[in-house]
Amino acid sequence: MTREGSPLLEAVGITKHFRARSSRFGRSGIVHAAEDISLSLYPGSVTAVVGESGSGKSTLSRLLARTHKPTAGSLRLRGEPVDLHRPADRAYRRAVQLVLQDPFASLNPVHDVNYILSRPLQIHGLGGRDLRESVLDLLRRVSLEPAEQFIDKYPHELSGGQRQRVSIARCLAVRPQVLLADEPVSMLDVSIRLGILNLLADLRDREQLAILYVTHDIASARYLADTIMVMYAGRVVEVGPADRVVNHPAHPYTQLLLSAAPDPESTDQDSWRGSAGSPPSLVSPPSGCRFHPRCPFAMAICSTDNPPQLPVGEGHVAACWLHDAGVTGGTHRHTGDADVFMPRGERG
Amino acid sequence: MTTSTTRRPLLRIRNLSVDYGFGDDAVHAVDGVDLDIGRGEVVGLAGESGSGKSTLAYAVTRLLREPGVIVGGEATYFEWPEGTDGGDETSGAQPVPVEVDLLSSDRSVIHRVRWSQIAVVFQSALHSLNPVLRVGTLIDDVLQAHEPSMGPKRRRARAAELLDLVGISADRLRSYPHELSGGMRQRVMIALALALRPRLLVMDEPTTALDVVIQREILTELMDLRSRLGFSVLFITHDLSLLIEIADTIAVMYAGRLVEKAPARALFHAPRHPYTYGLTHSFPSLHGPHRTMAGIEGSPPDLRRVPSGCPFHPRCAWALDICATQRPPDLELGGSPAARRVQCWLHEGEHHAPAELAAPTPAPLAASTNGGASTRTAGATVHSGGAS
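Which chain is which? The protein sequence lines are F and G, in order. Numbering-wise, the first sequence is residues 78 to 425 according to the working numbering. Numbering-wise, the second sequence is residues 152 to 539 according to the working numbering.
It is worth saying that the hints were derived from the structure and are not from the lab. All values reported here derive from a predicted model rather than from experimental measurement. No residue lacks a Cβ here, since even glycine has one placed at the ideal position from N, Cα and C. Don't take each hint at face value.
What the hints assert, rightly or not - FRET-style restraints, in silico, Cβ to Cβ:
| # | chain 1 | residue 1 | chain 2 | residue 2 | range |
| --- | --- | --- | --- | --- | --- |
| 1 | F | 263 | G | 176 | 26 to 36 Å |
| 2 | G | 277 | F | 166 | 50 to 60 Å |
| 3 | G | 217 | F | 185 | 29 to 39 Å |
| 4 | F | 220 | G | 500 | 29 to 39 Å |
| 5 | G | 247 | F | 373 | 42 to 52 Å |
What the hints assert, rightly or not - Cβ-to-Cβ under 10 Å is the rule here; a few derived chain F residues that face chain G:
| # | residue |
| --- | --- |
| 6 | 235 |
| 7 | 260 |
| 8 | 293 |
| 9 | 295 |
| 10 | 297 |
| 11 | 300 |
| 12 | 320 |
| 13 | 333 |
| 14 | 356 |
| 15 | 360 |
| 16 | 388 |
Said to hold, decoys possible - Computed list of chain G residues with no C-beta within reach of chain F, every gap over 10 Å:
| # | residue |
| --- | --- |
| 17 | 334 |
| 18 | 362 |
| 19 | 378 |
Just need the whole structure built from these sequences, with the hints factored in.
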């Protein structure tokens, strides 16, 4: 994929292991929440991280926000290595902002909108001459208009969608370059979700933000994102341009995910193959490819060796041995077009 | 999927109203709802939070807690004799159902009907299963309470059979709920609900808390069970995209009113109510060209201050003057009666519905009689007055 400019935020081989002290895991176990993840966020683009619960997608967003300290790997902000041994400094926080999932919990109920949005401006010294005018301007940027009506309201006086807009405005206050949005619409009513997604798209286009959109909903990822990254059990299994990943999924897990997603446009009722089992425990993940116990195409190598990310098309990679010509004996599987496994809707 | 018109009735709800609280402060959570469920039919009830969809289900199953009060209407359950299964018309002598008034019958009648005729599956399986009892005990309790004639041995066999029905091995009878995964817990809930072979399964957001792969698994299994056992389903969810795949009929609620009801595909491809239209344009699809979607302007109303007239009018792009003042009538559209209904002034009399709300009804999937011309919306008849 051709990219304009250099990445704003890069993660290289970033890994997070949590120590589980709970007796439920027997002896103190290690939760392998995120394993060897690399990604680059470019200005003016949305990267979606898609996965089910426990796939490590939220851990990833918190690693990038530096609320978690990675076990291994490194971060680069605007090309400069980030010192991960020290807590995130103000410059990093200014550049990289995290939008939280639940706008009912992420806004302090005892403060009004004016206070909530003034604080980051004051702390970072960005208020300018007229603080109130700066706050009004923030409200307008997230389409809370007329802004004068919203500035004195308390969170409980706002609907879920309005609260999420305030929460996004609070991030925008510090003029970030990277916005990490962790399931920003999953707590909202269906009819207002698109409003927030369109706002994010707008911020990408208008303000050239680099956005990470974490979601379990692959259809919304296709709608909003330029790039989709699919995670399973703490690992990245597929990355590619959004349309390619949805139309030509190369990893069996992506195919499973796509065939499970509700799709009213589909008329094909028989495409669901079923899936044996559920995502593995992250305390003792399967050896080799973490998806192999559920994979209908699993081979001997899948249970022993972790597959590398193999190219399957233009800017499209999948961590799956099926795409390694050496492993599959050079059959037509490695065609670069992933046309061996078609999801429903692609066969007709 | 057959059309609902040929089905025998199983549940009939008329003009049901439920308030929370009394007097002027009362919140009208359900406001004059009519809904029919036929035998073997899957009815989807869609709506956003606060639309009254769960309250409706709790009212008809008499599970409503204070301060919820049923203030009007009726709900009749038709108890068909055993052995007259299958939703469609059969030959031979006409069986006669026993009509049970769900709202005014006393506790003993409700106790008999509930679970054995109408069973409920709740959203959060973890909170609905007693954590200190094993799965086997949970099932055993139900059988013991409702079928006293059953001996312990037969109960145990039935419990194993039920788990098998939902795809869980019988050795899980000795597991506690916390030892099961989310999907398995929800399956146990379904097994429990099916324990007494109910004719109607009320499912309140049964898969909302689950991941999409597990959700698909459970829905596939549910549809399979339904075709084998022939029960009807009232499926309550905020996820319209899901309903379009599994439901025969979809009813859409907004601010306590049932604003539109239609066969599933007709509702998705040819919505008549502006709110339904907005909803169908609120979730992006996995296929087809990229198009910018807008969702719906504004927010769902606060039920303490429901807008006058049509509660949707402040968010409606096509609102007329009358919409702000008078409650829209309940209109029946199209040919066959009860096929589709809509509460909207745009389809009444001299008003002209915008093109977006007059798309031709798609032909049913199975029988593709492509008669696009016969599906005009002309000839709307007023079903009931607009008095509120």
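Verification of the supplied hints:
{"no.": "1", "hint": "F:263 to G:176: 26 to 36 Å", "result": "32 Å, holds"}
{"no.": "2", "hint": "G:277 to F:166: 50 to 60 Å", "result": "41 Å, violated"}
{"no.": "3", "hint": "G:217 to F:185: 29 to 39 Å", "result": "33 Å, holds"}
{"no.": "4", "hint": "F:220 to G:500: 29 to 39 Å", "result": "37 Å, holds"}
{"no.": "5", "hint": "G:247 to F:373: 42 to 52 Å", "result": "51 Å, holds"}
{"no.": "6", "hint": "235", "result": "9 Å, holds"}
{"no.": "7", "hint": "260", "result": "13 Å, violated"}
{"no.": "8", "hint": "293", "result": "7 Å, holds"}
{"no.": "9", "hint": "295", "result": "7 Å, holds"}
{"no.": "10", "hint": "297", "result": "6 Å, holds"}
{"no.": "11", "hint": "300", "result": "4 Å, holds"}
{"no.": "12", "hint": "320", "result": "8 Å, holds"}
{"no.": "13", "hint": "333", "result": "6 Å, holds"}
{"no.": "14", "hint": "356", "result": "8 Å, holds"}
{"no.": "15", "hint": "360", "result": "15 Å, violated"}
{"no.": "16", "hint": "388", "result": "24 Å, violated"}
{"no.": "17", "hint": "334", "result": "6 Å, violated"}
{"no.": "18", "hint": "362", "result": "4 Å, violated"}
{"no.": "19", "hint": "378", "result": "12 Å, holds"}
The earlier numbered hints that this structure contradicts are 2, 7, 15, 16, 17 and 18.
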